[in-house]
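Enquirer: Combine the two chains into a complex, taking the hints into account.
Letter by letter, the chains look like this.
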Amino acid sequence: MSNFAPPLEQNLSIPEALARANAHWNAGQADQAEMLCQRILAVWPGHSDASHLLGLMAHAYGNLDLAITHLRQACQSPRAPALYASNLAEMCRQNGLLAEGEAAGRRAVAQDPSLPGAWNNLGIILQESGKYEESRRCLERVLALQPDNAEAYNNFGNTAKRLGRIAEAERAWARALELKPNYAEPHSNLANLLSEQAEYVKAAQHAHRAIELNPRLADAYINLSGIESTRGNEAEALHWLNALLAFAPTHATALASRALALKKLDRLEEALDSANSALAAAPENAEAHNAQGQVLQALGRFDAALAAYDRAAELPGTAAEQALVNRAVQFMEHGRQAEAEAAFALAAIAFPRSASARFNHADLKKFASGDPEVASMEAMLGAEPSHADQILLHFALGKAYLDIGDSARAFQHLNQGNAMKRSIIEYDPDASTRWIQQITEIYTPELLEKLGNQGARSPSPIFVVGMPRSGTTLLEQILGSHPAIHSAGELPDIQNIAAEYGAFSESMVDSTPERLREAGQKYLHKITPLAAGRPHIVDKMPLNFALAGFIRLILPAARIIHSRRDAADTCLSCYSKLFASGQAFTYNQAELARFHRGYQNLMSHWREILPPSHFLEVGYESVTENPEAEARRILAFLELEWDASCLDFHKAGRAVKTASVNQIRQPVYKTSAGRWKKHEQHLGPLLEALNAP
Amino acid sequence: MNVAALAERAQALLAADEPEQAEALLVPHLASGSGPIPLWRALAQALRRQGRMQEVQQIQIMLVDMFPGDLTTRFDLAETLLTLGAFDRGWREYRHRYSLAHTTKIERKVQRPRWEGEAIPGRTLLIHDEQGFGDTFQFIRLVHWAKERSQASVIIEVNPESYGLIRRSFPGFEIVRQGELPPIFDTHCELMSLPMALGLQLAQLPGRMPYLMADPPRLEHWRARLQLLARPLVALAWAGRPNHPNDANRSITLDTLAPLAASGAQFVAVQKGPAAAQAAPMGLKLFPLSDEIESFEDTAAILCIADLLISVDSSPVHLAGALGRPAWVMLPFVAEWRWLQSVDTTPWYPQHRLFRQPRRGDWASVVAGMTEALRALGIQTSPADSTSPQK
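These protein sequences, in sequence, are chains V and W. Take the first sequence: its position 181, counting from 1, is numbered 181 in my numbering, and each next residue is one higher. Numbers given in my numbering equal positions in the second sequence, counted from 1, plus 1000.
Everything labelled a hint here was simulated from the structure, so no lab data went into it. Don't take every hint at face value.
Think about it this way: if two alpha-carbon atoms lie no more than 30 angstroms apart in a straight line, the pair counts; the simulated BS3-like pairs of lysine-lysine are [stated by the list, open to error]:
#1 V:K180 - W:K1109
#2 V:K365 - V:K678
#3 V:K180 - W:K1147
#4 W:K1105 - V:K180
#5 V:K264 - V:K526
None of these values were measured; they are calculated from a predicted model.
Next comes chain W alone, as it looks inside the complex (with noise of 0.2 angstroms):
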């Protein structure tokens, strides 16, 4: 066979799920070290879905130092290093994200200098959100430091969704929408290189927590609302964005919850999006509020009332951790970067619990895991009503 050939075959079995089996096929045509890149791309992609990171990353480094130019490995690479926690290089090469085939032109073309972690007192920074609501849950705390860092007067620009809850949660900043003019500004920094330009730690983390705060009027409001419901009340999301890349890999049916039924718990569904229309399985006590939540307001007030949040991959894990209120973390055997590897905890988000598939499309594990746990946790659970964050 040659090499496109063989290239070709090992696609097609990666997109069997035969991640194995592409490998058995790659690997006598790579065992002297040295061999056709196309076929090393093909093997790296192999590796990636058994979850062999280091061996992940010594190919895409191998492919790296061969072709600097190629930006799309090096994101691939980024990605790698921030899963095994190498955050220098991890998030010095994660600046690549706006060279890749599909997001060239969504990369924001701001015409100011960025920032680079300098202090630069009397002058002022923009910091501005990108995609994801999750990422922008995850990250705004570290306005906080860049703030500290630069001595500027910080603007961050965030999505309208997330308007309300960081213009609360900050006060001290200047907060407008995303397309909204911001005031005049010297120089910017996207959300997500924040971590590049202050040289982000893994040991800082979680820094200051809670770093978002609910709405009090609608705490109220859910509180009245959610008063008669038994405990431990646990609030519930199966789903992510269908348009993520990798929401295949991370999302489930409410189906494959069913067995939680067997814990005992109440539980709320604050899954939006079209999979709020799932039916629930028969048994499990699920109380349906997607059609009355409005906003990410409404979801931080009920995740700081439930006594516990359990979610896929997506942003209401976020908003917890963010709140300082917990979360089990539904993790696909190769998550993604931001949950590291192997470990059940997660430096970001200290009361976070990471259920992971012990393997490939295991969901079935990670429920029955989560039901026993929550069995355990039942009864000793006295409900969460005073648990509002701390100023």
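So that you can see chain V by itself, here it is in the shape it has in the complex (with noise of 0.2 angstroms):
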């Protein structure tokens, strides 16, 4: 572009001079308003007006800083219009100085009450300020001075949100897009608030729809990544923090998002990482402290997740309630229940509305009868918090009317629990039924026969198998007490490796024996580390049953040991558990029972070719009732030696991170055999599927 820059007359008065300055500025001739400004400066040192038109070129080019210096000096001259005061509280508000924005934009409005900007300015300072009630007032006043602001009805809507006013702020943004269509903002906060109410799809569109408007509205990418994420679909959810942060790669709140997919992609150190760069990014942000101390957590670092928690929790944001519910449920899993109790006691004091907190609180307690705890739970409920905290207590009143004895109760809240829990996710049962089929096909005794003896030949791997709610964990604590083996928990390792060899796929027949050998090796590479120098390590993913051929095939030497349980017992208690993650199978009565007989049929026909040297089962009902005997039998089978420390398991104080965390911390669980038989008149469709001819 040619600089094509008319001569400055020598006699051109200020106001002039002024008077053009802003004009070329407004046709966006920035040379020609600066060399302006720049002479009035020269002759006049510090003028308000040429100061006031420099801040506002200098932050159309996203220079922030030098923008608010040139509008502080602005603003110091005694005749400076109550516009300048608006424009620096602005941008002080987008540089993070909320205090001095906020000074700045209440001179604004005492100095020009007309002045619908400056109350716009104000009200969204006082909304990130956390002071929500006035911001209501002074976006209000500016949608009396102006009925067609969609920028401000956007404004309103997020402090409507924000207290609580779901469909003010509903309203509100509907009316921004009427009057400005393709306006970004509305359809990202939108997508916001359709996801909390469970309407994923509308809420996908919007989100996708505000990123076609603006591809580089951050916002839109988290709301969308949270909504996939919420939806079961974590690669998805990974991705589009991915997408945000490949153009803003040291956006905070994206970074720590990402920590906490990868969290749930068991990818831990890539996930401490991320959250370590969100803190280097922004050391003062609540939900990278809150991020980080959930990824320290699941790498089994306590003292340092309990710091990233209690930071988290006095900074200001939204964090603050999370991370108190995460404090306490890092002492629930390593048994410490007093200190448990405290600080759910102390996150109920903070927020006595936290949906989350009742929910892992009714886990760790045991109901009684008149507990006001029930009341308090109903009363919440009652007042339609958002879909996701209704699942939360319909789950913890229906464990609380168990414990009670109420079964009519509890049941209700049960189904209503699992009816919108299951309609947020995504689940084929005759997928599953062809899946299990499938195995069956392709493990056949043939092929057992043929490669059974080529993989990785390590006795290391102990795999406890069965379905969820089975006595898995109780296997595995017995297990882990012993001083020959370590318990790892639920590694995912094997389904990654199984994704991986194609162990669903008929080429499995073609398979090597190097490539057996291989991807055997690549287990073993991963737990050698966590087994802490012992000679056996526990992996109870309780999902592997599915995978007890293709384990046999790659770690020949490996124990497979598989826990049974009463069938209306386990579904039952699958049915009771609102899971953190999978488990898809579980939120309604015949999927639930369905999806158990094809793990029988399964788990029938491992019995027929595995061999017994290799393959245990045991009851959990027997391991209840006789624990020694089952011990001994178990570590019979495993040739180790006998070790009493194998009963005291209660007493170790392992990490306990799954849906079994308070039933192993007594001594064993006996109240839980036959216990359908008192809630029989509930589970009619489960009871109907499991007894299908």
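Expert: This is how it looks when you write it as structure tokens:
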């Protein structure tokens, strides 16, 4: 672009020069506007209007610090108009200087209460500072002065949302879009709101539309990622965060969310890197501290995780609630029940309306009739909280009424909680059935005969498999108390390796010995560092039951223990739980029973073809009836010496990260055998499907 | 080889003008339809250099779907779509042209809303041109559509070099020079954003032709100056602005045009800039005018007198087209989006003929084709003296 600049007449007055500078800037002619401003400042250093214009220009070119310097100068003049303080307020907000921005905003509205922009700028500063009521009053004023201001409607929606006035927020955003259909922000905000109402399809549409209109709108990516994560699409959730970080690599919220997404995918080291990057970018960001805490907790670094939660809880922002709950859950996972109780009490005081705190606490405590907590949760549910909170409260109340022995009420809540959860996840029961059928067709006796002794020969791995809630945690705890065995929890590695090596495809039949060995080595390579020097390691991922044949091929010396439990009791236990992730087959009684039947068929198949030297079945009920005899039988199978500490597992204080966290803190949990009979009349669809011919 | 090493190797092959080898290197790693993003980017480049724009488009759309905030790829996609004649999305994606690493600083930050094609009777619309002279000549025709559609009073701001021509040719409009203070306006639009605002379709082209008019006194002057030259009289330009990003691909040296001598035509050089100093090859009847040409006004007048312009892809091509004068355009194997693909005509200028390289770097075939065509044309052409634009 050529810089054609008309010569400036020597006798130009300051008002003339200013008028011209403004006109040039309006037309986007930055060079000419800047030259005129500099000429005025040479004659009159610090001139208010010239400084203001230079500030606006610096802002337009993204030099926020410089812009604020100019604006501060502009506001020094005794005659500076309210507009300058108002613009200073907004630039301070954009630079995170909330206190200075609020002061400037208040000066602006005091000086000229008829200036809508000043009320608007003050309104959003107050919103960011958590002063929602006052923010609402400011933004209502803007709308009274300018009833067609789309931006003001969008801002008002944000404040209303934070005040819990969901319907008002939704109306405001819809109005903003009526006024300005191509406005990206209200689309993104609606995505977030609809997601909370479990309208995921619509929510995702709004998020995509927001990104289409403004491909660099960070919030839209964060919201879209959140929607996918809630729908169980963890890889998609991670993708949208990566897409945001591709153009905003230091976005703290994105980095913190990415840490959590990676954690869900069991990529813990990468997750920690991401959380650390978030904190490097924004050391005061509560979400980043909370995310770091969750990753550290998953890595078993108790004290570091606790410190991160404590820091997140004391910083401003919405992460404090979750940090307090996470803190309590960590105590619970480590069996530190008194500290967990105290931590839940703290969370309840700070956030009396936190459904997440109630839900997690419900798992720890034993409810008795008349417990005031029950009425309080019922009241919270009556106030129609978000869809996610309603699910948490239904499961918590279901647990409470089961404790109390009120079967009817318990199932009222469990049925509702399960139905709500089922409505937001994707699960195809036919595909499950086909999948199990396919496994029995691929892993034939002939295949095991042909390739049975080719994989990596290490006796180190022990697999505990079975249905979720069938006693796998109990077996793992008994085994993990033996000095020769380390318990590693539920590892995703076999499933990952199975996917990589085509464990469910016909081509498995043509596997070469090298390839099987390589797959086995891959697993050994993953677990060896976890074993803490002990000769054996237990992997108790229950759903590895589907992969028992594959394990036999790649790790022929590994032992597989199948934990069996009464079908109806297992299913009842699954149905009464809200799992942290996965287990999509457990949220509908008939689907659950159908899955269980598939599981039983597959286990009969393994029983036929796996050698008893490497495959053992243990009844949960027998273990609870006669722990010592069963423990001795298992150790004999593993060719290990008897060790009495196996029966004292509940004193071990090892972290338990699964849904069984609170049962295994009792010596042996005997109350659950035949438990389903008490609830028979509420388990109609389940029992019918379990017993179908 | 890991991903970074592969990508680096592919870039080296591209830099060595070996896109086929780069493709062969990359394809096995992307055969499953998924794979590392940097490799897809490199493959898109390798295919683009081979002119395989449909395949390029597929990859770029996939990349943009996955990374909508990658505005550089969106701009690349815009160019691909426009090359394929997909105007709707092409012009929409073209809006990202000021979000590239080297363009963010030159975006003009007009403090008024952008016109989006709506009717705004009684209001004032400022339309301002952007970088290349050729762009201004090619797209200035759209201000007529913009005026009709907006029903606004329209101000046109153009580079000072084109000011005189455009002022004469758009009498109903207020015209100002770049950097000059325009009158007060309500809304603005960049010249190259008009296609998006107007929803321009290929079928609407070329619009009212011609839309630029030469200066009558200058026509007189050049008619006198050139009257003794033989016919056909062919104006010649062989290089564009040397700082254009694609200049190495589009510009040639005068030597390359030596075979044109065989046509027997009389040539006049309208080349400006450093390339004007190149000596004419033996036997080419080239009358040098470069030093006498002071502005586009002179070039416009000469183009109105000459029978034909032969030029590489540079501003005189657009000036000729806008004046309603024929040009033969020499295009590299992968030409800019504005020339579409494969065709030897252009909807923008119905009288133009496009001579494309049949393979990368092969200017010899282009020149041979033109020499042949020129020979066929030579005898029949009568002086084009009367061809000044119709009012």
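Enquirer: Given the hinted pair K180 (chain V) and K1147 (chain W), is their alpha-carbon gap at most 30 angstroms?
Expert: Holds - the C-alpha atoms of K1147 (chain W) and K180 (chain V) are around 24 angstroms apart, at most 30 angstroms.
Enquirer: Hey, K264 (chain V) versus K526 (chain V), does the alpha-carbon distance stay inside 30 angstroms?
Expert: With a Cα-Cα distance of about 18 angstroms, the restraint between K264 (chain V) and K526 (chain V) holds, given a limit of 30 angstroms.
Enquirer: Holds or violated: are the alpha carbons of K365 (chain V) and K678 (chain V) at most 30 angstroms from each other?
Expert: The given pair, whose Cα atoms are some 21 angstroms apart, holds under the 30 angstroms limit.
Enquirer: Verify the proposed pairing of K180 (chain V) with K1109 (chain W), using a straight-line Cα cut of 30 angstroms.
Expert: Status holds; Cα separation ~21 angstroms.
Enquirer: Keeping to a limit of 30 angstroms between CA atoms, is the pair of K1105 (chain W) and K180 (chain V) held or broken?
Expert: holds (28 angstroms)
Hint violations for this structure: none, all hints satisfied.
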